[in-house]
Amino acid sequence: MHEKNHSCFISKTIIKNVQTTQTLPTVETAQKLGLLPEEYDKICEYLGRKPNFTELSAYSVMWSEHCSYKNSIAWLKKLPKDSPRMLAKAGEENAGLVAIGDGLACVFKIESHNHPSAIEPYQGAATGVGGINRDIFTMGARPIAQLNSLRFGNIALDKTKFLVKGVVKGISDYGNAFGIPTVGGEVYFEECYETNPLVNVFSAGIVKIGKIASAIAYGVGNPVFIVGSATGKDGIHGATFASEDITEKSSSKLPSVQVGDPFQEKLLLEATLEVIDKELVIGVQDMGAAGIICSTSEMSAKGKHGMVIDLDKVPLRQANMEAFEILLSESQERMLIVGKKGKEAEIQAIFEKWDLNCSQIGEVTDTQRLHFYQKGELVADIPASSLVLGGGAPVYYREYTEPSYFKEYQQFDLHTIPQPQTLEEYQQIAQFLLSHPNICSRKWIYEQYDSMVGTANASTNLPADAAVVHIKGTDRAIVICVDCNGRYVFANPEIGTMIAVCEAARNVVCAGGEPVAITNNLNFGNPYNPEVYWQFVGAIQGMKAACEALGTPVTGGNVSFYNQSSSVNKQGGNVSNAVFPTPTIGMLGIMDNIHTQRMGLGFQNVGDMIYVLGNITNDIACSTYLYHYHQHKAAPAPFFDLQAEIDLQKLVKGLIQHQLIQSAHDISDGGLFITLAESALVKQLGFSVFMPESVKENQIRPDAFWFGEGQGRIVVSVNPDKVQAFEQFLIENDTVEATYIGEVTQTDFLIDGELWITTQEAKNLYDNTLENLLD
Amino acid sequence: MKFGVIIFPGSNCDEDMIYVLSHTLQQNVVKLWHKSQDLQNCDCIVLPGGFSYGDYLRSGAIARFSPIMQEVIQFAQRGGYVFGICNGFQILTEAGLLPGVLLHNQQRKFICKNVYIKAVHNKSVFSQKFHLNQAYKVPIAHSEGNYYAPAHVLEEMQANGQILFQYCNANAEVTQEANPNGSLLNIAGICNKQGNVFGMMPHPERAASNILRNTDGLTFFESILQIAYA
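Protein chains in written order, with this note's numbering: chain A, 1 to 775; chain B, 1 to 230.
Be a bit skeptical, because a hint or two may be false.
What the hints assert, rightly or not - Partner residues are not named here, just some residues of chain A that face chain B (Cβ under 8 Å, in silico):
hint	residue
1	G179
2	V259
3	K266
4	Y409
5	Q410
6	F412
7	M452
8	V453
9	T455
10	A458
11	T460
12	I594
Hints were generated in silico from the structure; no laboratory data involved.
Remember, predicted model here, so these are calculated numbers, not experimental data.
Glycine is no exception: its CB is placed at the ideal position from the N, C-alpha and C atoms.
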């Protein structure tokens, strides 16, 4: 082993070999830790000997799916990563980094906390919020807005209600105290998420270019600090836990769920930004999954250096922690900082000001290895790069096969679905959709989030399809949203994922933004199941196609496999036990001038004229109407045309720039009728609309027109004074079909002259459904 | 005027308050650190919203013991102007500078939304620019904003004109439906008997921007700025 004297930091006699008094673990132990036999062999190869238990534990977490992306990275590499705005490529830093003008960059990322939330929803969700925000401020950026994307099972079940309340309160308590507004999100309830809820949290921050911190270690002799909370036994093997199916025994893994403290996080934010701003540090990395072992190995590998760490210097919450426990602990609100030599006192003074721990635990070395000491003995000696993604971590190409349901879904025949016959039936469908848990107002949820702290959320008083967040000190804003309809992705992974990307972009465009980049949260079942993996591969192919067409590269994100209830592990289980494949898209858009470019989703004035922009198709496939009202599940993804989508978005950008429209709202869940209702409810107005003759001539069914979820459509309203200019603009940009359907009225929803529902009734159903179900 | 905004660990509306006072209203503003005991000759001390000291134990319960608060208490007792928003209001009640307490919201949930408030009278320095019988849209964001005081205290407060703002509907009617958290008498903001210390749960600093399309909260700040002209 290494003869080189690492540094003077460990003053005790350096022991040349790792301690081997204990019996070395066997391959069976490796398997219990979640490693495969061939992975154990690979570890022996990297070390040139058998690993001790501490080392084996380090590999087991670093090579878990959660940290290594071993089953996904081969495909993730195919995603587009370049655009002139990109300052860091996916995987290079803790989060994506995009130039937004005025010498500023936006740092943004989405991350899942699905498995912890399934077991302990409150802490699971809370620590998810903590983790994603650390990813942002570890780069020197101050978070300015958060979003979340949630999935639960049938809302009628008590278990679902328990999970919803716990998750929402967890996000609320953590995010509110931390002081970053939650400005938007999405929630769906489908049976497939019953055992495996999805909790995906997104955060975006702003940093001056030139003040960006990197997760890197270099410079022999530079001090390594652990800062923030003390290290306890919580969350040990959490990363491994996240890489297994949920079983009945999972609740016995409760210690794998970490506990969060937003107050510590707030102090850590301020102190971290201060040391970065004062240029006292070489590199910073937050500690999330896999704790100290992850930060030390990733920072060292990136800087092609090593570290010598004295575990006795780590502030602990409890006595007698084993070396592997200290290395793997996922205690929250901690960071690893590589300081500049000579700046130790200044760094410590800043953390002292914020009443936070700041302990020097080691130094940077040139060995490219990690040497961990405890009680004067070398307890682990590992080549840093052998642990990490892009270094020694395994990469697998998994098999995939088309599941049998796919062909069956393609054979859907619209004619087998009866059309509504009477006005009463249409009225009933209108009520059903307005009060459907996947469509109704999310007020019960979002009012528990502080959406206004920071005084930058411009959507409070002008609701839009995406959240518009002002960047103070400039005229700019970021425009952000999260989107994914898992039902569409299940029906057709490739098209469903293209739709998710395009819908996110469409939402940004409708709010007045220019889509520039995405982050993704890929929630799937067990990757060892070839049918699940087929869903994953299709999703990646769809994402690649849509992102390339829109010019929105993928800046990074998170993969969450094993969202599958099954007693079988590593054999793959059954695709029908998996959640809907849910590649959640977090879209970043930019608005150069918040004073002139904004657009809301609500109708503004009585008499404004309503148009549908985009293709009107005879399509109800995969709609809420078909799936939940008719309870017909076997159908392909809804109509989708990538080029038409791009043309539509270009047109609407132009309409907003030329100030020709009063509102823009995209057609999604619930179809045209729900889109009109949502636009009307913002100011409690009404509408009188009709199905045009031209549409009837095309043999389009009324239920497809009103409730179909064919993609690439946006409802806009136009002031009568501007109709001429509006129509002229359409003629000049005649790639997009535009259909006049009626006008905004004082009250009530009139369809073809008949009252489907009053504005007041619609408001009651829309606003109170979740409250009635959950309180 | 010179404003001093106190920064407690866990304050998170401090920057929003400073932004309105210095950027929007062009006033002189200094930050006062909780460990300090120097109020830097400020004319008005501001306790911003947030979760001071994590709001552990009870909202505002720890903050009142901080070094700076000992100075604030003396300053207030000498007649200095002090106001607290949200967590700042909670701290002022915990410190005994304002009567009553702020209990958990009736719904036992955090609530963040726009609500309407109206001034009960405009004879106070904190309400002097408000029009009576007009509803002002100002957001709330709290878990513990349910104002409570014993009946005899409330009577005394009413007699002294200490109740300054009440929750109301868009038509400036004080109704039960317009009460977002269960506060007695729909109380949103009060002052002390001397009239120099004020606290309110709604956030006027969140309603003071054209970009955010709500400037109703500016009336509150304009009221205070009258002090400088008095």
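Tested hints:
For A/G179, the suggested interface contact is upheld, since its CB lies about 3 Å from the closest CB of chain B, less than 8 Å. The criterion of a C-beta within 8 Å of any C-beta in chain B is not met by A/V259, whose closest approach is roughly 14 Å, and the hint is violated. For the restraint placing A/K266 at the interface with chain B, the shortest Cβ-Cβ distance is roughly 6 Å, inside the 8 Å limit, so the hint holds. For the restraint placing A/Y409 at the interface with chain B, the shortest Cβ-Cβ distance is roughly 41 Å, beyond the 8 Å limit, so the hint is violated.
Contact between A/Q410 and chain B, as hinted, is not supported at the beta carbon level, the nearest pair being about 45 Å apart and thus beyond 8 Å. Because the smallest distance between the Cβ of A/F412 and any Cβ of chain B comes to about 42 Å, over 8 Å, the interface hint for this residue is violated. The closest approach between the C-beta of A/M452 and any C-beta of chain B is roughly 5 Å, which is under the 8 Å cut-off, so the hint is satisfied. This hint holds: A/V453 has a C-beta 6 Å from the nearest C-beta of chain B, less than the 8 Å allowed.
For A/T455, the shortest C-beta to C-beta distance to chain B is roughly 4 Å, which falls under 8 Å, so the interface hint holds. Hint status for A/A458: holds, given a least beta-carbon distance of 6 Å to chain B, under 8 Å. The interface hint given for A/T460 is met, as the beta carbon of that residue sits about 7 Å from the closest beta carbon of chain B, less than 8 Å. At a threshold of 8 Å, the smallest CB-CB gap from A/I594 to chain B is about 6 Å, leaving the interface hint in force.
Comparing the model with each numbered hint stated earlier shows that hints 2, 4, 5, 6 do not hold.
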